[in-house]
Amino acid sequence: MSFFDPLVLLLALAGLYMAWNIGANDLANAMGTSVGSGALSIKQVIIIAAVFEFAGAVLFGKKVTSTIAKGIVPIDSISLIDPHLVAVGMLAAILAAGFWITLATFYNLPVSTTHSIVGAVLGFGLIATYNGIIGFEEIKWNVLAKIVGSWLVSPLLGALLAYVIFSLIRYFILQKAEETYTVEKKFVFLQIITACYIAFAHGSNDVANAIGPLYAGLHSLEMVGINIPLWVMALGGIGMVIGLATWGYRVIETIGTRITELTPTRGFSAEFATASVVVLHSYSSLPISTTHTLVGSVIGVGLAGGLAAVDLSVIGKIVVSWVITVPVAALTSALIFVGLLGVGI
Amino acid sequence: MKKREYIRSVLNIFGSSPFKPLVMHANKGGDCARKLNESLLAFCDGDMDKVEGLSREIDVIEHEADVIKQTIRSELSSSIMLPVNADDLLNFLKPQDSISDDTQEVAFWLTLRKFEATPEIRKGFIELMEKTLQTVEMYEALVSTLGELLGSSFSKRDVEDTLQFVTKVEEMEHQVDIIEKKLTRTIFNNEDVIGALGVYHLSRVVRGIGDIADRSEHAADRLRTMVLRR
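Protein chains in written order, with the working numbering: chain A, 1 to 345; chain B, 1 to 230.
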């Protein structure tokens, strides 16, 4: 099949849109904390993010991409029956997730792109089951359970790690120092490193949200092989970097100017914890939400007495968004899938 | 309708810190006390127009302090996690707010009646007000250490520094008490010079000024509880 086939083009465009969204908001959030503490200027942040996000996506993003592409729904079995269905299904999944994310962003709801895409892919799997293409038991429920479990574990782990890191900094450095100011100044440098780390971590996990379904679609159309080619990963990386450069800088600005609480020691703790948790999950092939992990980590710093005021009402909103996102994305994805088939794509 | 930006952010996790407004609020109390000092000097010099004017100025500052207090309270919802106990924080905000309240009251009492008393009483008033103002200003210095405390996340050394300020406020308030008692006695001893109404008016003013120092001491004490109990 040609690259200029409308279905292929649509898939690539939808994947890019998803990547753009992830770069514009999620990546920007992860990086904004470095600007807030004054460690980096916005320009520097964008350059660092571009380099490390791309590196994370290309070098370390395949495992999670593979999970999203074929870890939940047995794409290959469906492909054997009708490869076209998979391509349309994946297009529907990206569109559904993209739609939900766009809506959530306008209303500033803490919705995760990861949760959306997992829900959307599941929606396609369920409609395939409904149509008798695959059996209900063929959907890898154990993998899905693991993924959903990791959504619960990752923010908690982020909180725990950030709590420990900040407590150590507090006990061994802040409390021993003559002046807090000089300590904070030294941490500015360390925070530049964590900014790179968090960009790398984010790239390694979140690239899958855009590229997972795209790869699954291309693979079913036999345009790419069993191994995810570099250019597909690079496409995701580029999309996210463009998102950051064209829109994310505004998000970073907004966050940077309003987060004055997060001094370099606090920012370092939260970022290091978040990046470590995310990389760990990328290594375990589990797609998680970087933003939710970051929220957990900030709460961890707050629990360790590092922040003047932490608003815990966000937790409730995140939990609600968890519960809503997967069913909504699944249903929308299934509906779009039926619609696309209906209009003859 | 609220303008919607295409932004999803982690900003909501950061509640607004009550500590900066707390310092501002303490400074409003300090401003009131400084104005009252001016007002008392004018009162002793018989410049009642100035006393009236300063009383109005203090009314304005006291109102500003009230607004800050209300903002702090309204933003301290149950979902906000602070590095200190929120009840302790509110418990120290209350006496801190009384500093400006009590100052306002004294400023009003000064406008009620012209000062006609002996030079000894005059000297006593100036001394009392001076010590009270020092107490309030020491209290302001105490509250301003909160920034450092937060920065080092309540390091032992900074906590000790803060507690030293508390002790200083308490010592000063004790000195105010001594001057207050002495001055009250002097006023009553001069009943035949200033008359019963004069005694009532001046002793009321003395008590009011003493109360301001009392409030500072009380707030400092509550602040200590807040710092130690976290």
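Be aware that a few hints might be false.
[To be verified] Below, simulated EDC-like cross-link-like pairs (lysine to aspartate or glutamate); rule was C-alpha separation at most 16 Å, straight line: (1) B:K156 to A:E179; (2) B:K156 to A:D82; (3) A:K176 to B:D161; (4) B:K168 to B:E137; (5) A:K176 to B:D88; (6) A:K176 to B:E148; (7) B:K69 to B:E38; (8) B:K182 to B:E127.
Derived by calculation from the structure, the hints in this document are not laboratory data.
Keep in mind the model is a prediction, meaning the values are calculated, not measured.
Verification of the hints:
About 13 Å separates the Cα atoms of K156 (chain B) and E179 (chain A), which keeps this hinted pair within 16 Å; it holds. Taking the CA atoms of K156 (chain B) and D82 (chain A), the gap is near 69 Å; set against the 16 Å cutoff, the hint is violated. Of the supplied pair hints, the one linking K176 (chain A) and D161 (chain B) holds, its CA atoms being roughly 14 Å apart against a limit of 16 Å. Our distance criterion of 16 Å between C-alpha atoms is met by K168 (chain B) and E137 (chain B), whose separation comes to about 11 Å.
For the given pair, K176 (chain A) sits about 27 Å from D88 (chain B) by alpha-carbon distance, which is inconsistent with the 16 Å threshold. Straight-line distance between C-alpha atoms of K176 (chain A) and E148 (chain B) comes to about 14 Å, which keeps the hinted pair within the 16 Å bound. A distance of roughly 25 Å separates the Cα atoms of K69 (chain B) and E38 (chain B); the hinted pair therefore is violated under the 16 Å criterion. Taking the CA atoms of K182 (chain B) and E127 (chain B), the gap is about 11 Å. The hint holds against a cut of 16 Å.
Hint compliance for this structure: hints 2, 5 and 7 are broken, all remaining hints hold.
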